[in-house]
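Note that the protein sequences, when read in sequence, are chains A, B and C.
Be aware that the first sequence starts at 106, since it is given in the working numbering, and climbs by one per residue.
Be aware that the second sequence starts at 4, since it is given in the working numbering, and climbs by one per residue.
Be aware that the third sequence starts at -12, since it is given in the working numbering, and climbs by one per residue.
Careful, some of the hints might be misleading.
[Said to hold, decoys possible] 30 Å max Cα-Cα, derived DSS-like pairs, lysine-lysine:
no.	chain 1	residue 1	chain 2	residue 2
1	C	K290	B	K121
2	C	K325	C	K127
3	C	K109	C	K290
4	C	K109	C	K15
5	C	K291	B	K121
6	C	K291	A	K405
7	A	K150	C	K291
8	C	K290	C	K53
9	C	K114	A	K405
Honestly, the hints are just simulated from the structure, not real lab data.
Model, not experiment: these values are computed from the prediction.
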Amino acid sequence: MSAAVEEVVTEAPAVEAVPKRAMTLGTGTSLTVLALLVVAPLFVKNFIIFQMTMLLVYGLAVLALNILTGGSGQFSLGQSAFYAIGAYTSAILMEQYNVNYVLTLPVSGALCFAAGFLFGQPALRLSGVYLALATFALATAMPQLLKLNFLEPWTGGVQGLVVTKPDAPFGLPMSQDMWLYYFTLVITIAIYIASVNLLRSRSGRAFMAIRDNEIAASAMGIDVALYKTLAFGVSAGITGVAGSLGAIVVQFVAPDSYTITLAIALFLGMVVGGVGWLPGSIVGSAFIIFVPNIAESISKGLSGAVFGVLLFLVIFAVPHGARQVAIVCQQALAKYKRR
Amino acid sequence: MELFINQILAGISTGAIYACMALAVVMIYQAIDHLNFAQGEMAMFSTFISWQLMQWGMPYWAAFFITIALSFAGGIAIERVMFKPLAKAPILTNVAGFIALYSIINSSAGLIWDFTIKQYPTPFGSAPFLGSQLISTHQAGMIGVTILLLIGLYAFFRYTRVGLAMRAAASLPESARLVGINTSWMIALGWGMAAAIGSIAGMMIAPVVFLEPNMMLGVLIYGFAAAVLGGLTSPFGAVIGGFLVGIFENLAGTYIPGIGNELKLPIALALIISVLVVKPAGLFGRPIVKRV
Amino acid sequence: MLSQKLRLAALATAVVFFTSGAALAQKKYDAGASDTEIKIGNIIPYSGPASAYGVIGKTEEAYFNKINAEGGINGRKIKFISYDDSYSPPKAVEQARKLVESDEVLLIFNSLGTPSNSAIQKYLNAKKVPQLFVATGASKWNDPKNFPWTMGWQPSYQSEAHIYAKYLLKEKPEGKIGVLYQNDDFGKDYLNGLKDGLADKSSMIVAEEGYETSEPSIDNHIVRLKASGADVFISVTTPKFAAQAIKRLAEIDWHPLHIVSNVSASVGGVLKPAGFENSQGILSSAYAKDGSDPQWDNDPGMKKFYAFLEKYYPEGDRLNASTVYGYGVAQTLVQVLKQCGDELTRENVMKQAASLNDFEPDTLLPGIKINTSPTDFAPIKQLQMMRFKGEKWELFGPIMSGQLNEQSSFQ
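For reference, chain A alone in the conformation it holds in the complex:
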């Protein structure tokens, strides 16, 4: 196996090309979904509102991964690390320095953007399985970093930190859960719209050009290094905000909350939702929250196996995730209209 033999590969891109128009929903559908999200909490128990809030939080984190993988074609198993940085930033600022929770979000976002941008630098040289291993290393390192002795005065070490749940402001007559839900909803929608616009912009086109063919993109004059690290930064920043919101909603942060399992769950969410299809993020998020519950109700002793089987059936039926379902529906609708 001499090193002189060079393999020449015309490699299919790891992530298939998704045209940018196919990345979003039509106006009508968007408004219907929005209306549902606004009205639904008025009719359900607080516990369901809590679950819906978590749905949005994980949705945001899946969206962030989607921008990175679906947008710029870089694979990451390290999203849990950025999520943890965001969560701990909010928790530490709120509990140790009495900062208002709203103000902690931009701080988390900025910090994670910086962290992601820096991590993107060495990651530039890596792709495919190598990038997977590098990001995986980041995810396994994060809980251990949070446990470090000399950080304990801030992080609370292995015991974690309890976070105080904010009340609704201005004396609004709603429960804490409902307030947090609407607060999260507004932020999620804002970030969603910003992401859609980002991918439609010049930068977004640059991301996708890199995703589809890096060498061709650089030949066209795109600064590949800059845009790749930028994608990492943006993705990490959004993940950080999701982490912050998660910490406030759950009221607790601990190293055990942010293990590689979380990163894998977010990855599964992206695949099930459809890689590169932003609205699918919420479908993916629903999958990772509710399917384990369903699996558990089928069999306790085998809940892991049932989850695996359900996951497999889903990807078997729709290998392209919820996007595929959406496309099929759209085509059916178009056919119906034509008639």
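Based on the hints, put chains B and C in the right spot on chain A.
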């Protein structure tokens, strides 16, 4: 100095575990061109099967070879049933499939055999090897088995028609089909061989770490790291990578003051990544040139 | 004749008295309790990295099935609703809220893991839902002043560490201690307890080695501990790593005074796989009988336990310490609910849980009793040291409580 030598020896003995697993990783990478996250669990399940056979009274070596055969068949069956239908699906969907498989195997093993740890016999005994208490005869035997496997794999990929066909099918599927290679069955064969090698790794590792459903979790991480460090296309590199990871991890834990011990896995991984930044195909891998 | 009439009258008044008595002590219920049913919530990792503990939940479920089959508690059947949190704190919060707000359980019982319980503690205390007998050995659950709705069950890791510290100070005051600990809440709590217990002699600890559960083997830590010159080895480890350490010590021919934490003192689950010949002379301490130790085969309490396993949980493994644990803690809950009588309110549940008096579950060591009070939320405080000899543990020394003087004055 004595501590230094001892840590190197301890590193070699843990490195043997990683090297064994890394070989299985390289095998599957050669066959399907990506990493299988469920590989460790498949090895664990095989090891449980051999344990069960021995519980039923079968002698060690009979159980050993029957398990290898069963694992080979099992690997092919998994590929035919679960992953052949996904052959046309995107790579990331396949990765999700590996995670599903991981979850299924781990959970089933827990239900069948419980989570209490089980003693697993070694055919080599566990006396000190050549007077060093740090390496036992079992570990020496494990290193021996790893080297035998390595030679076998090297010969297989280099000199047999099937081995060459398999490499061709993995790296250039379309051209391979054009020259008459049945790429679909090559992939299945690769799964079978990877499962068989994994079962050997599992049966070698179990006497050291004890048999239980989560035993391969950590091993697989290190096995991946070792394979990537050595170069995913080179069985030789994977074995060297395994020993290097084992030694380096121990030295980092011992000599980096303060955080070395608490962060030895992250430090080891960081080092591997720095190596990859300089040599993206790993220490012994072939560089890949992409075409537009 | 007259006397007979009188007797009848007396009987009649007695009947009237008793029935009205029952009516007087009127039935009071909170959410989750009724004339026919008591709903109990539980959170345990059935999946994920800590799924080995799922056995506890299954044992408890089987035990409540047994109670129901035998007529229930004061005529009420137990409905045990157990959810999986995969050992993830955010999931534990979701499941706790589901139990309280959707299933409307009376109390949450034996939720497992320090991180998960820390995550739900504030919520449950704010909602005034009992978080009873949590399955973790952290010392922070005994804090009735700040968290009057949370109570632990097993002896805290710290108090167990205190007992070893006391023993070492007495038996080996010049010893050099090397500690191998799991780098999480369990290991850290224990290490702190050890340092506390040694007080001004904490310099006896010459080496500390933390390991992560993701490490396949702990060889290198053992090599370093040996190199540190330690002659006492304290292994604060979970079963797999404890067994590896025992075996490894024998292989490298290092024979320090070896102490294994109670978590990994199971004969069938740790010492047997590690090899009895390697385990001789190991010290540990216990509060419960070991289901895999033959010395309890004829113990009346353990006979009941074995009969229970056979009838209600046949796939349960008596080698697994989790089955003994689940049985004991479920039995304690049943005692609390019995004491509650017809007043099944959350407040009364806490009141009764805080007034357990010399209660002895079948599976606790002879002489170890459960006592609680409104200022003492640590049900089991006692442990007894033991030494491994032949194929079983030999208990020795007095039954000790791990409370340090400073700590008891602190309370």
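Hints, verified against the model:
no.: 1; hint: C:K290 x B:K121; result: holds (25 Å)
no.: 2; hint: C:K325 x C:K127; result: holds (27 Å)
no.: 3; hint: C:K109 x C:K290; result: violated (40 Å)
no.: 4; hint: C:K109 x C:K15; result: holds (26 Å)
no.: 5; hint: C:K291 x B:K121; result: holds (27 Å)
no.: 6; hint: C:K291 x A:K405; result: holds (26 Å)
no.: 7; hint: A:K150 x C:K291; result: violated (44 Å)
no.: 8; hint: C:K290 x C:K53; result: holds (15 Å)
no.: 9; hint: C:K114 x A:K405; result: holds (28 Å)
In summary, the numbered hints that this structure violates are 3, 7.
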